[in-house]
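Student: Sequence:
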Amino acid sequence: MIAPALLLLACSMAGQFDADTAKPETPDTDTDTDTDTDTDTDTDTDVPVEGLVITEIMKNPDAVEDDFGEWFEITNVGEVTLTLDGLEVRDDDDDGFAVSSLALAPGATFVFGASADTAVNGGVPVDLAYDVEVFKLGNDGGRIALLLAGAELDAVAYDATFPDEEGRSLTLSLDALDASANDVPDAWCLGTTPYGDGDRGTPGASNDACGGTVEDIDGDEDERAPTEGDLVLTEIMKDPDPTPDETGEWFEITNVAGVPIVLAGLAVTDEGGTGFVLDTDRILEPGAVYLLAVSSDPSLNDGLAPDYVYSSADLRLGNGDDELVLSTADGEVVDEVAYDDTFPDEAGKSLSLDPTAYSADGNDDADAWCEGDGDYGAEGESQGNQGTPGELNEACRR
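For the sequence shown, position 101 (counting from the first letter as 1) is numbered 101 according to the working numbering, and the numbering increases by one without interruption.
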């Protein structure tokens with residue numbers, strides 16, 4: 001799942017922007033990294049920020065009212081992490097809001113929406129909710145502009161020449177993931193993948209390919225076997241406590257592709273090459289999470305309700321270091337994570353991948369992982385283990 005970004009603090013405001021409100025809470029804004037040899041993160045304010053693109057816009061939802069269900073998505077299409085502290089979002093009247101602290105890893109998405117409550121917003125996984133009294137997407141036309149330190153990073157001004165259908169997002173073609181290319185109406189098409197309460201789009205996930213139709217999705221014609229990067233290992237419980245390893249271990253995978261993925265035949269192996277092959281007819285929808293556990297008994301597995309149960313005789317996760325590998329029947333590696341003592345390590349807490357790193361490359365970095373937070377399991381069955389099995393992970397707190 002090209003996935004949501006780390007959000008530390010957000011500020012919203014009306015009219016012209018007040019510098020005192022928009023700036024980060026931390027007073028030390030010295031980001032001089034001239035002596036830093038780490039090229040993975042763009043934190044030098046003297047270096048132009050490149051790669052931030054507006055990639056999807058739901059301006060006119062059908063399943064719920066606009067004041068709850070509108071949203072738009074930004075994506076880092078570059079090769080370095082973007083530090084976007086103080087990012088401003090404005091409309092054509094120069095109204096909008098600012099984000100105090102935001103970082104986007106390469107390939108990561110971030111969803112802004114009118115409401116973060118999935119019970120009322122149509123099922124949209126919103127990372128930051130804005131005030132529709134301050135910023136609102138017009139159904140017939142409008143503009144979204146992203147600015148940092150006064151410089152415009154990207155802007156999209158849509159009008160009647162853009163695709164338009166109630167309940168379907170404006171989705172940027174995968175061939176036009178560029179801050180200039182997305183200015184052209186022909187670079188956009190209508191979302192086809194259903195989400196939440198029935199509107200169509202891919203908030204927080206890879207865009208639908210332009211040229212697809214609703215009938216393609218409804219008829220399952222686009223489903224396919226996984227290829228490299230389609231599925232990502234996003235959470236691993238390698239050392240439950242006090243639940244025994246042989247009944248409490250689990251891990252999850254997330255579909256970050258823009259199409260449904262056939263799981264039958266997917267092989268899961270560890271560092272020693274032992275493992276199992278999934279025997280299931282499950283088709284994993286874009287953005288969906290699939291939970292695999294060593295036990296189906298909630299009284300033994302800490303209250304889990306797994307999607308798939310495997311035998312501990314086939315796969316055991318090392319507490320100190322090990323490797324999980326997902327591969328196709330042809331031996332193509334879809335994703336792999338090799339964890340060791342550089343990764344977070346506390347008994348009873350999962351290894352949880354930051355949503356900014358939901359990619360087959362992003363989850364290779366030990367710094368992209370943190371300890372799971374929050375009890376899971378049915379009431380009365382939880383043993384106090386921490387994590388978010390089967391759900392979108394919480395952002396890692398740095």
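Hints may contain errors.
[What the hints assert, rightly or not] Ranges between beta-carbon positions, derived for each pair: (1) 241 <-> 139: 51 to 59 Å; (2) 131 <-> 227: 49 to 57 Å; (3) 140 <-> 241: 55 to 63 Å; (4) 50 <-> 94: 18 to 26 Å; (5) 347 <-> 155: 43 to 51 Å; (6) 333 <-> 177: 18 to 26 Å; (7) 198 <-> 280: 49 to 57 Å; (8) 177 <-> 279: 30 to 38 Å; (9) 224 <-> 140: 33 to 41 Å; (10) 340 <-> 175: 34 to 42 Å; (11) 338 <-> 198: 20 to 28 Å; (12) 347 <-> 177: 21 to 29 Å; (13) 270 <-> 227: 43 to 51 Å.
Don't read these hints as lab results, they were simulated from the structure. All C-beta atoms in this analysis are idealised placements derived from N, C-alpha and C, irrespective of residue type, glycine included.
Student: Does each hint hold? Answer for all of them.
Tutor: Tested hints:
1. 241 <-> 139: 51 to 59 Å: 52 Å Cβ-Cβ, so the 51 to 59 Å window holds.
2. 131 <-> 227: 49 to 57 Å: violated, 41 Å
3. 140 <-> 241: 55 to 63 Å: holds, 57 Å
4. 50 <-> 94: 18 to 26 Å: For residue 94 against residue 50, whose Cβ atoms are near 24 Å apart, the range 18 to 26 Å holds.
5. 347 <-> 155: 43 to 51 Å: holds, 49 Å
6. 333 <-> 177: 18 to 26 Å: holds, 25 Å
7. 198 <-> 280: 49 to 57 Å: violated, 26 Å
8. 177 <-> 279: 30 to 38 Å: holds, 37 Å
9. 224 <-> 140: 33 to 41 Å: holds, 37 Å
10. 340 <-> 175: 34 to 42 Å: holds, 39 Å
11. 338 <-> 198: 20 to 28 Å: Distance hint for residue 338, residue 198 is violated at roughly 40 Å.
12. 347 <-> 177: 21 to 29 Å: violated, 42 Å
13. 270 <-> 227: 43 to 51 Å: violated, 22 Å
Hint violations for this structure: numbers 2, 7, 11, 12 and 13, all remaining hints satisfied.
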